[in-house]
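In the order they appear, the protein sequences are chains A and B.
Here the first sequence is numbered in the numbering used here, starting from 24 and rising by one per residue.
Here the second sequence is numbered in the numbering used here, starting from 1420 and rising by one per residue.
Treat the hints loosely; a few may be bogus.
[What the hints assert, rightly or not] Facing chain A, according to a computed beta carbon distance under 7 Å, are these residues of chain B, among others:
{"id": "1", "residue": "Arg-1427"}
{"id": "2", "residue": "Val-1430"}
{"id": "3", "residue": "Ala-1431"}
{"id": "4", "residue": "Leu-1446"}
{"id": "5", "residue": "Phe-1447"}
{"id": "6", "residue": "Gly-1451"}
{"id": "7", "residue": "Thr-1452"}
{"id": "8", "residue": "His-1453"}
{"id": "9", "residue": "Gly-1458"}
{"id": "10", "residue": "Lys-1459"}
{"id": "11", "residue": "Gly-1460"}
[Stated by the list, open to error] BS3-like, lysine-lysine: derived pairs with alpha carbons at most 25 Å apart:
{"id": "12", "chain 1": "A", "residue 1": "Lys-143", "chain 2": "A", "residue 2": "Lys-90"}
{"id": "13", "chain 1": "B", "residue 1": "Lys-1459", "chain 2": "A", "residue 2": "Lys-90"}
{"id": "14", "chain 1": "B", "residue 1": "Lys-1459", "chain 2": "A", "residue 2": "Lys-143"}
[Stated by the list, open to error] Facing chain B, from chain A, some residues (calculated, C-beta under 10 Å):
{"id": "15", "residue": "Trp-99"}
{"id": "16", "residue": "Trp-150"}
{"id": "17", "residue": "Trp-171"}
Derived by calculation from the structure, the hints in this document are not laboratory data.
Virtual Cβ for every residue (Gly too), placed ideally from N, Cα, C.
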Amino acid sequence: MNSKRLMIVGAAALALLFWTAPVYAAGPPKTFEELVSVDNGVRQVSSALSPTMLPPEGGGGGTCWGKELERSEGAWPYAHRLFLYTVWCGSGGQITYRASDARTSHDFMCWNTSGPHVAKLAGGAGWTLVQVQAWVDVACHSPWWFDWHDSLMMRVNYYPNGVYQTVAWD
Amino acid sequence: MAQATFVRLVVALVAVWIVVGLIAVVLFHWGGTHPPSRGKGDPVGLTPLP
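Whole structure, please, built from the sequences with the hints as guidance.
Below, the structure is given as structure tokens:
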């Protein structure tokens, strides 16, 4: 009788152990920033996150900053300008979100021959910085029989504390 | 006499054309701006939905 009771209690304890094991294996609940980060529209979702736990679209959390930077050359009527606008967020020393876009604004003698282009060169969501480059190829009418060509470029690092740093421009 | 005047006129026009082109070259490269080497972004109220 006692051995039967002992077996039932043992089986119940074993069942309880199997039932609760995944909870303990999962560890402490993760923060939003740990589970989801966003880089230029691409969500990086932790493998530990089930689809039903996905938060809605939006920033990756933390504090967010935005900045438009300008690289230009020439004077009227030859001024040609490249702008890079980036919004980025940081939390816990990591980038959690980044979105960038580039635009141009030229005087009437100039036009784009390629671009503007934007590319992430390094880092991003989940890293300690994200490096973004924007560039455009420009042509301008000249008084002579050929056009003049130029290219504008800027390469910028963005950090999770809201600081940006221009590492190169041309 | 008329031919000499015509030649002078052509030379003057070519000279003006060259000078205008040189001025334009200067304007093409004149001035410009580049991003600051370092700075801080402006706060953006971007918060994920609950």
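Do the hints match the structure? See the list:
no.	hint	result
1	Arg-1427	21 Å, violated
2	Val-1430	17 Å, violated
3	Ala-1431	16 Å, violated
4	Leu-1446	5 Å, holds
5	Phe-1447	4 Å, holds
6	Gly-1451	4 Å, holds
7	Thr-1452	5 Å, holds
8	His-1453	5 Å, holds
9	Gly-1458	6 Å, holds
10	Lys-1459	5 Å, holds
11	Gly-1460	3 Å, holds
12	A:Lys-143 x A:Lys-90	16 Å, holds
13	B:Lys-1459 x A:Lys-90	8 Å, holds
14	B:Lys-1459 x A:Lys-143	19 Å, holds
15	Trp-99	7 Å, holds
16	Trp-150	17 Å, violated
17	Trp-171	6 Å, holds
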